Amino acid sequence: MKKKIPILFMDQSIQSGGGGRSLFYILKFIDRERFEPIVLLPNENGVLTNRINEENICKMISEPCLHSSNKSIRFCGKNYSEASALERILSLVRNYGELVYLGFVKLNRIIINHKIDAIYSNNDTTRILSLIAGLLTCTPVVWHVRNVSKSRFWSLLTRFSAIKKVIFISNAQQKLFRVPAEKSAVVYNGIDIDEFKQNCIQKKLREEYQISKKAVIFGVTGRILPKKGYLSFLRAGKMTMDLCKNEEIILAVIGGAFNELQEKYLMQLKNLASELNISDKVIFTGFKTDIKSYVSDLDVLVVPSVWDEPFGRTALEGMALGIPVLASRIGGLPEVIEENMTGLLYESGNTEGLSHCMKQMVQERQTGSIMGQKGRERCEKEFCIALRTKEIDHILESLIVHKSK
Numbered sequence: 017m018k019k020k021i022p023i024l025f026m027d028q029s030i031q032s033g034g035g036g037r038s039l040f041y042i043l044k045f046i047d048r049e050r051f052e053p054i055v056l057l058p059n060e061n062g063v064l065t066n067r068i069n070e071e072n073i074c075k076m077i078s079e080p081c082l083h084s085s086n087k088s089i090r091f092c093g094k095n096y097s098e099a100s101a102l103e104r105i106l107s108l109v110r111n112y113g114e115l116v117y118l119g120f121v122k123l124n125r126i127i128i129n130h131k132i133d134a135i136y137s138n139n140d141t142t143r144i145l146s147l148i149a150g151l152l153t154c155t156p157v158v159w160h161v162r163n164v165s166k167s168r169f170w171s172l173l174t175r176f177s178a179i180k181k182v183i184f185i186s187n188a189q190q191k192l193f194r195v196p197a198e199k200s201a202v203v204y205n206g207i208d209i210d211e212f213k214q215n216c217i218q219k220k221l222r223e224e225y226q227i228s229k230k231a232v233i234f235g236v237t238g239r240i241l242p243k244k245g246y247l248s249f250l251r252a253g254k255m256t257m258d259l260c261k262n263e264e265i266i267l268a269v270i271g272g273a274f275n276e277l278q279e280k281y282l283m284q285l286k287n288l289a290s291e292l293n294i295s296d297k298v299i300f301t302g303f304k305t306d307i308k309s310y311v312s313d314l315d316v317l318v319v320p321s322v323w324d325e326p327f328g329r330t331a332l333e334g335m336a337l338g339i340p341v342l343a344s345r346i347g348g349l350p351e352v353i354e355e356n357m358t359g360l361l362y363e364s365g366n367t368e369g370l371s372h373c374m375k376q377m378v379q380e381r382q383t384g385s386i387m388g389q390k391g392r393e394r395c396e397k398e399f400c401i402a403l404r405t406k407e408i409d410h411i412l413e414s415l416i417v418h419k420s421k
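In my numbering, the protein residues as written are 17 to 421.
Just so you know, these hints were derived from the structure itself, not from any lab.
Here the structure is a predicted model, which means the values were calculated and not measured.
Incorrect hints may have been included.
As a list, the in silico DSS-like pairs of lysine-lysine whose alpha-carbon atoms are at most 25 Å apart [to be verified]:
1. K220 x K131
2. K280 x K261
3. K213 x K44
4. K286 x K297
5. K230 x K213
6. K213 x K75
7. K261 x K375
8. K375 x K406
9. K219 x K122
10. K219 x K406
11. K191 x K229
Let the hints inform the model, and build the full structure from the sequences given.
Structure below.
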């Protein structure tokens, strides 16, 4: 029996973002006969940490020097918005000081004690940490890049010998990030199809908010951020209501605000709904742990991103639930959604274009139903997590073979 290869996975984000969900599935479906995954996360409660504990999928190191936000206020138990300038400065100094200590000292001990053969970074902060530790311990490093950066800073860092592979989640994202060809790979995000069977999910949205079965519900879900384009969604929803006066249309914003920026944007959304005189037609659910129970009750999922969305995991999850998806033609979204087959695409930021797509879904419900079915089939064929994780397995295997030479 072969000795299992210990891999140290690192992430800073532990809330409900797509990167954390993707990491969870990799940890769950990695080849356990070949690898021993060990994950290092902030010593805080969060969606990712809680789920790993609940399902006991791998060994987890809760690291007090790593925080879910580098802006965490450390001295007075206040939120960032409540802290004084001095408290913010002192907290930043302490936070970054601890990250330096983690990168130069603690990670080395962890790598030695656990006999780590490769380091896998899942976000920006851990990229820097993994590079430092990789250089100091001669351990190969993989960066799984899940955001978009046009800065040359990250591209220059990939020149270091410790960085053996940079994984991108779409071809569109790969083009924006200059990396030596031999170090670059594209692996689409995958999804656990079995978790998204409609008949196994208790739908809650209509019942909880007393929505008629005849109503058409359009919804967005994910982090409450300006780049997600939710203002455009509300405006397009209003236009669609005006065009389809005989139809009951409901707009749902599924998700909560976790910081000051998100809270401000959420307030903007609520104010806009009031200005448009559609507050009674817009639902803000707040944060939900069982998010699939709410998303599965949508008739149409909307992904109105106004930035170079690296992939669009939200769109993938909607397709897995058998829901047609309307999305911006931007970033990696066109690689996920097969236009006119699993959903519709429109030019990013074009409110009228989105409204046109929404109107089509209201008027052609059977077409939407067929798109939803084809979306589910596409997920099963192209985005099954077991198949996608095998690609990660092969990359990690190649690093170990290279290291042993």
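These are the hints, each one checked on the structure:
1. K220 x K131: Violated, at about 46 Å.
2. K280 x K261: Violated, at roughly 31 Å.
3. K213 x K44: holds (18 Å)
4. K286 x K297: Holds, because 11 Å separates the two Cα atoms, which is no more than 25 Å.
5. K230 x K213: Holds, because 23 Å separates the two Cα atoms, which is no more than 25 Å.
6. K213 x K75: Distance ~28 Å between K213 and K75 Cα, so the pair is violated.
7. K261 x K375: Distance ~11 Å between K261 and K375 Cα, so the pair holds.
8. K375 x K406: violated (40 Å)
9. K219 x K122: violated (45 Å)
10. K219 x K406: Roughly 32 Å between the alpha carbons, so the hint for K219 and K406 is violated.
11. K191 x K229: This hinted pair is violated, its Cα atoms lying about 44 Å apart.
Of the numbered hints stated above, those contradicted by the structure are hints 1, 2, 6, 8, 9, 10, 11, listed in ascending order.
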